[in-house]
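Novice: Each chain, written out:
Protein chains: 2
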Amino acid sequence: MSAIQKNVESASDRYAATFTQGHLALPPAKKYLVLTCMDARIDPASAFGIELGDAHVIRNAGASAVDALRSIVISQQLLGTREIVLVKHTGCGMLTFENRDAVALVGESLGPGAAEELRQRKLDFLPFPELEKAVQADVEFLKGTRLVPDEVPVSGWVYEVESGRTRRVV
Amino acid sequence: MSAIQKNVESASDRYAATFTQGHLALPPAKKYLVLTCMDARIDPASAFGIELGDAHVIRNAGASAVDALRSIVISQQLLGTREIVLVKHTGCGMLTFENRDAVALVGESLGPGAAEELRQRKLDFLPFPELEKAVQADVEFLKGTRLVPDEVPVSGWVYEVESGRTRRVV
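Protein chains in written order, with this note's numbering: chain A, 23 to 192; chain B, 23 to 192.
Keep in mind that the hints were calculated from the coordinates and are not lab data. One thing to keep in mind: the hints can contain errors.
As the list claims (entries may be wrong) - What follows is a set of in silico ranges between Cβ atoms, one per label pair, in the way DEER data are often shown:
| id | chain 1 | residue 1 | chain 2 | residue 2 | range |
| --- | --- | --- | --- | --- | --- |
| 1 | A | Gly133 | B | Thr112 | 30 to 40 Å |
| 2 | B | Gln27 | A | Gln27 | 36 to 46 Å |
| 3 | A | Glu162 | B | Glu138 | 40 to 50 Å |
| 4 | B | Val192 | A | Ser32 | 18 to 28 Å |
| 5 | A | Lys165 | B | Gln142 | 12 to 22 Å |
| 6 | B | Arg141 | A | Ala159 | 18 to 28 Å |
| 7 | A | Thr112 | B | Lys155 | 36 to 46 Å |
| 8 | B | Glu138 | A | Gln27 | 24 to 34 Å |
| 9 | A | Ser32 | B | Arg122 | 37 to 47 Å |
From the three backbone atoms N, C-alpha and C, an ideal C-beta is built for every residue, glycine too.
The shape of chain A in the complex, shown without the other chains (with noise of 0.2 Å):
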């Protein structure tokens, strides 16, 4: 068992032996979700104020909306979410790149097989180059696509890594 294996176990048994929330309900009591990156540097509970049981919580690379569309309808359409907020933040690596260089990155790194598998599954790696930008390009991708109803509430807001802020973009 691997060193980060172990902390998963240890850090179960400290969870579980005060755990007291056993009776929460699947739907989200209230009714929103957070899409924001899978940044190490997020901890989307205290920062954004989610107390547990309620609200969905999706993270990907950059936050991208069009790559959380399944889960968004999922929590919508299934499991009764009406309001959504998206994060991304400063300092995020999607600013770092562009997807050629990401695509060049993998067939170097993991070799030809890699590279056609990438080519196969049409992997689109989603950088951005300016992160408001970006917000506001998701937050309309999301009021504009049928999949999510005119009436839910999307804001876009910027997570500022230095300062522990969450700031409203749109």
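Chain B: place on chain A using the hints.
Specialist: For chain B alone, kept in the frame of chain A given last:
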């Protein structure tokens, strides 16, 4: 401003007031990634023992490895993570429906335009009928894809929403 948006602002004020982690680097300090579900009842940081800055946390409906592949490749190839911890959970919404049910529901609820967009985007909701088999299948997918190096340890776990415990499956 909605009550949910006000809650983000007040939580941010509280969080930023005592924030001391502005020095953390972009690459995860412990070089691993956790893939888990968007479910509102999961707090990955506490339940799985993730300190701020330690690990990428990817979350989507059902903790789907296929759906997370873009983020996983970025995490590993661009940001240096070298281990994957995959955690699905008891009581998951993905156990409660089949893809055709969700597709039908989208058409009924959002109209034919939404159903057409679903087809154009080739969205599969990726539900699964059995929890532990789904954990095994996703671990096998990650071990099988050429986009994840063979030497990356991949472990599969189940988080019990009733007890707060996380147990290893594979």
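Novice: A range of 36 to 46 Å was offered for this pair. Does it hold for the Cβ distance of Thr112(A) and Lys155(B)?
Specialist: The hint (36 to 46 Å, Cβ to Cβ) holds, given that Thr112(A) and Lys155(B) are roughly 41 Å apart.
Novice: Using the Cβ atoms, figure out if Gly133(A) sits within 30 to 40 Å of Thr112(B).
Specialist: Taking Cβ atoms as reference, Gly133(A) and Thr112(B) lie about 38 Å apart, which means the hint holds.
Novice: Mind checking the hinted window 18 to 28 Å against the Cβ distance between Arg141(B) and Ala159(A)?
Specialist: Roughly 24 Å apart at Cβ, these two residues keep to the hinted range, so it holds.
Novice: For Ser32(A) and Arg122(B), compare the CB-CB distance with the range 37 to 47 Å and indicate the outcome.
Specialist: 42 Å, holds
Novice: Please test the hint of 12 to 22 Å on the beta carbon pair from Lys165(A) and Gln142(B).
Specialist: 18 Å, holds
Novice: Holds or violated: the 24 to 34 Å window for the beta-carbon distance between Glu138(B) and Gln27(A)?
Specialist: 45 Å, violated
Novice: Given the hint of 40 to 50 Å, check if Glu162(A) and Glu138(B) actually sit that far apart at their C-beta atoms.
Specialist: Violated, at about 20 Å.
Novice: Note whether the CB distance of Gln27(B) and Gln27(A) lies within 36 to 46 Å or breaks it.
Specialist: 39 Å, holds
Novice: Given a hinted range of 18 to 28 Å, is it respected by the beta-carbon distance of Val192(B) and Ser32(A)?
Specialist: 19 Å, holds
Violated hints, in rising order: 3 and 8; the structure is consistent with all others.
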